[in-house]
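Protein chains in written order, with our numbering: chain P, 1368 to 1703; chain H, 263 to 585; chain S, 139 to 672.
FYI, nobody ran anything at the bench for these hints, they're computed from the structure.
Here a beta-carbon is modelled for each residue, glycine too, at the ideal position from N, C-alpha and C.
Accuracy of the hints is not assured; some may be wrong.
What the hints assert, rightly or not - Distance ranges between label pairs, derived from CB positions:
#, chain 1, residue 1, chain 2, residue 2, range
1, H, Glu495, S, Arg414, 22 to 30 Å
2, H, Lys320, S, Lys503, 26 to 34 Å
3, S, Ala653, P, Pro1617, 46 to 54 Å
4, S, Thr452, P, Lys1568, 36 to 44 Å
5, S, Arg414, H, Val540, 38 to 46 Å
6, S, Leu262, H, Pro349, 52 to 60 Å
7, H, Leu512, S, Ile314, 27 to 35 Å
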Amino acid sequence: MKKAISVFAVVALSMFCIFSQALSEKTESTPSRTLTVYAYDTFCGDWGAAGSVIPAFEEKTGIKVNLVAAGAAVEVINKVRLEGDKTECDVILGITDSLAEKAYDLLEGYDSPYIKTINPRLIFDKQNRLIPYDYGIFAFVYDSSVELIMPTSLSDMATDMFKDKVILIDPRTSSVGTGLMMWTYNALGDKWLDWWKTMSKNALTMASGWSSAYGLFTEGEAPIVISYTTSPVYHVMYEDTTRYQALIFPEGHEVTIEAAGIVKGTKHRSEAEQFIDFLLTDAQVDLANANSMYPINSSLDLPEAYKYAPLPEKLFTDFDDKASDLIKQWEDAIVR
Amino acid sequence: MSYLECNGLKRIFPGKFTLDLSFEMGEDELLCIIGPSGSGKSTLLSLLCGVDSPDFGKIILNGRDITQEPIQKRRIGMVFQDFSLFPTMDVSQNICYGMRNIAKDERENRTAELLDLVGLSGFEKRSVSNLSGGEAQRIALARAIAAQPQILLLDEPLSALDAPLRKRLRTVIRQIHEQTRIPMIYVTHDREEAFAISDRVMIINKGKVEAIGRPQDVYNNPPNLFSARFTGEGSCIPMSLLTEEDSEKLAFIRPEDIKINKTNPSENYIILKDATVVSAEYITSGFFVRLSYKGSELCCYASSQPESETVDLAVKRDRVLCF
Amino acid sequence: MPSSDNRYYLKNAVPALFIMAAVFLLPVGTVFLKAFSVPGEIGRTFTDRYTWRILLFTVLESSVSALISVVIAIPFALFFSRYTFFGRRALLTVSDAAFAMPAILAVLGFVIYYGNNGVLNRLLSANFQILYSFKAIILAHVYLNFPVAFSLITSALLSSSDQGEQASRLLGASEIRTFFRITLPRMWGTVISAFTLIFLFCFPSFLIVMSLGGNPRFFTMEAEIYKRTYTDVNPSSAASLSIFSFLIMTLILVLSGYGRSQDKVQRRKVHLKKTRGREKALAFVLCLLILLFMAPPMLSIVHRSFFNRDGVFTLKAWTDIARRSSSGAGTSIRAVVNSLAVAFASSAAAVSLASSIAMDSAKRKSTFIALLTSLPMAVGSVSLGLGFSFLSAKLPIRSTAMSYVLVFLAHLVVVMPFAIRTILPGARKIPQRLSLAAKTMGGCDREIYRKIEYPLLRPYRKRALAFSFALSLGEVNATLTLGEGRVTTIPVLIYKMINQYNYQGASALAVILMAVAVTVFAIGESKGDESVLS
């Protein structure tokens, strides 16, 4: 009997420990105006943009934001879809243009007055269901401390010189991988699969996601990695080093755009609109900084460090949903 | 005056084994159950203590039908071959476990009394795992008695112990029986132990009672050949070797009823001439001699080793059992 | 029948079984529903040649890993079950603890140690390319599972008598002949069950295959499920593949006779010989080999936690852990508290529930329940995460407290099979006669369980507790899915830090994780030679 009581006590104590934390959090304040935002994990994390953007928004508007980390961007969409009518989500955030097709039916349009500040080339949804707030450009980033002549183009990279020097990302498991695939498709035309055939032998590894790829890169596993033109900015700003630099290729670069949208049937439409407006105005620089992206409003002054994020001249902004089709072709050519 | 009554007790394991027996025992009795392995001893015990229930028949203990009662209500104590002491409790806790009707402050005294009874005074705080086999079985006995059982079942209680200890402990058990007057059913496969300790023995075989009675009666006048053989040594020869009559029957003779080279045998003896000596084993009281007579084997005791290869045998006429 | 019925034990086990069923069947059930929600999806998946091709690779990868782990473990187990020497116990304890090591720790350690720019290459000033190949996958699997095989086989050899070997030697058979004719048949059952267990651990391997394989051809079932969920955004096809994988693993589980009762429990303990002369040297060499294999990746993590990317000594990671505690959400200290609280709660609950389930199935000599409760092992972490995400979307209330409850329940499901597995042999060893003896003295089932049987399970419960605790401590997937960012545990934070390519911070947290796990194991394993896995 004593044993049973002590087991129960341990469980109860642990649960109490947990609950007290949880409760203390909940009871902080319950303002009448709230907004529930689903975002991908890294946005919400310690180093994510949420840390500065959300408090600033709450400060400015008095709206309490209930931020839910729902996993990767796809999971955000899936979660809202699975929850259906019962979802408490008002705004989803962090949906890239490549995922847009999968989210449209969940969203309602919002013609924000600030849409005019956006470069029209970057507006991929004319109905404004997904409203872009920042964008990035895929590029290979290299470690300048490694003595190696760097490739000058995509096709140059597919040579023996770069055997085991490049970390790629699997198009099947990561949006960055898919972006890379789209890039090669747009830049190399018919020869894109040949590039992948060579590179699947040449590359050191094909990581499952951007973070693991970039982690291996910064650990010194290989001197070149697929990432963004903006990646060097982070290192300049937070580590004060220009060691990592982006490669600009003449074939052109693929763009990826991050967007937010208002969930269909929201009960907090006006709060949601305020939030979107905030993303397009006050939050722009913070978002760009924290996400290592470019602000969607190109007229803004960026921090000094952004001079290490070279803007390529030729950009592919093609918003057709070809990805699934190309992945099938890719699988046929590379895996089977 | 039957205290325990098993009436038409039947337990059927289809295709394997059937137990089918009835018996009674008295209030002050120590009844030994003996039988070869597979005879149904353990099945009978499981029925008595309530692990298993019979397909037919009744068990009546002290006038109460306990056939369908759960183990806990039967008030049948049990002592096991492997002691089955509770390893997480010390000696006194083991003994106190069964004291349900005794006030808490009485228990200590009672434990001391019981330990005294089994000859292990002062063992209260001993750990169970450090006891010798003999000590452990005495504690198990004390523990069983502490629960004030209406009857005590002892399932081969001494089989795990070595021979000298077995002899000593069986005397202890008999003394305890006499002091406490608790009726006991004592199961063993050792007939010598059974004869030494019991008021009556019951021989079972293949699920049936072969014989029941005082040890000397069962030994001297076994009702059948199985009981005769099971209760001790003996020679089993065709009756036709002993009498002129043409008989299909078998004769059973205890070894002490055959004499070698008896001088001047009286009318009371049947003489078998020219039996061959096969072997002579030295036992402390003399020799145990195996012989062969007209193709049959015989055995008997002799005070000295037979000197010749062939001997004459004298068989006590009135001790020949005929089956 | 008045007594051979074990109603009490069943009654006692029912709440536990109910909780397990609820927390396990709900997510799995939703996966099933999802798979059947699109007509023909299941059929398509099961007949697709691509499915079978992936299955082939998964089976190849798992069986090679399991085979190598077991074969390497055999000679070590033979030696460790025959001789006693300094450091033997410590190594066995560490081996047991290694089982609960989360894959993410192995990946971290491997990159830091075996990487192109890793400690090994820098120490030898060489350029071995070990990672990003099939052999790297196998190496990592063997790294995680060699200790499992070693522990299992050693404890099996220790608990069965070596009289056969002695007789064989007395009859003049050589050591080799004795091994093949006597020892190998004696441990065959354990070898098979170790192989199966490791196969089951490697089958749903995802993180290791994806991080260390480096070739798009190395794609396991779990990776494909992941892809269908997150890239194709096709939950129903992901779900149907989950089911396919679940069926295959269940089949293996059933075929291997998992949870089969080991009737041949021999009480006789093997007498361990002291090492002498050459044996002493051999003991030293074997210990050294294990240490050289097991320790460097983990030591590299410890080392890395004190040095930044450029190899400059800094305590930044450690001061960060302390500092972030004072500010805001998702702090390291909070993660440690969360981890410990969840691990305490789930392991304590798992052990008390597992005790009643184990007692029940031991009493009824049932292998069915043991098999049933080991089913969660047949679900890969990605699939389980999928089920949980389907499920959490259906929940009416969402709050931080709810997330904690969900995480607690998920951990419970993950650790329960192992808790039961640890306690079951103990329950089976309790002689039935003890309960009979107590009953003849008027004891009722409840009292017998509480006063006699439950105390006898104590050493097993202690080990199960340590084991469940360590396992819960290392759980990442369910926590990530169900925590919704509100519940941060140590491994979740490690995962996040790796995603922030903060290897140093991840290493520092990994060191804390290892320290807690080893401490818990040392306490739980303080006595007894039996592996928690046996």
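Comparing the hints with the structure gives:
1. Between Glu495/H and Arg414/S the CB atoms are about 54 Å apart, so this pair departs from the stated range of 22 to 30 Å.
2. Between Lys320/H and Lys503/S the Cβ separation comes to about 30 Å, which falls inside the hinted range of 26 to 34 Å.
3. Between Ala653/S and Pro1617/P the CB atoms are about 52 Å apart, so this pair conforms to the stated range of 46 to 54 Å.
4. Distance hint for Thr452/S and Lys1568/P: a CB-CB separation of about 38 Å, consistent with the stated range 36 to 44 Å.
5. A C-beta distance of roughly 54 Å is found between Arg414/S and Val540/H, which places it outside the suggested range of 38 to 46 Å.
6. About 55 Å separates the C-beta atoms of Leu262/S and Pro349/H, a value consistent with the hinted range of 52 to 60 Å.
7. Separation of Leu512/H from Ile314/S is about 58 Å and departs from the stated range, judged on CB atoms against 27 to 35 Å.
Consistency note: the structure conflicts with the earlier hints numbered 1, 5 and 7.
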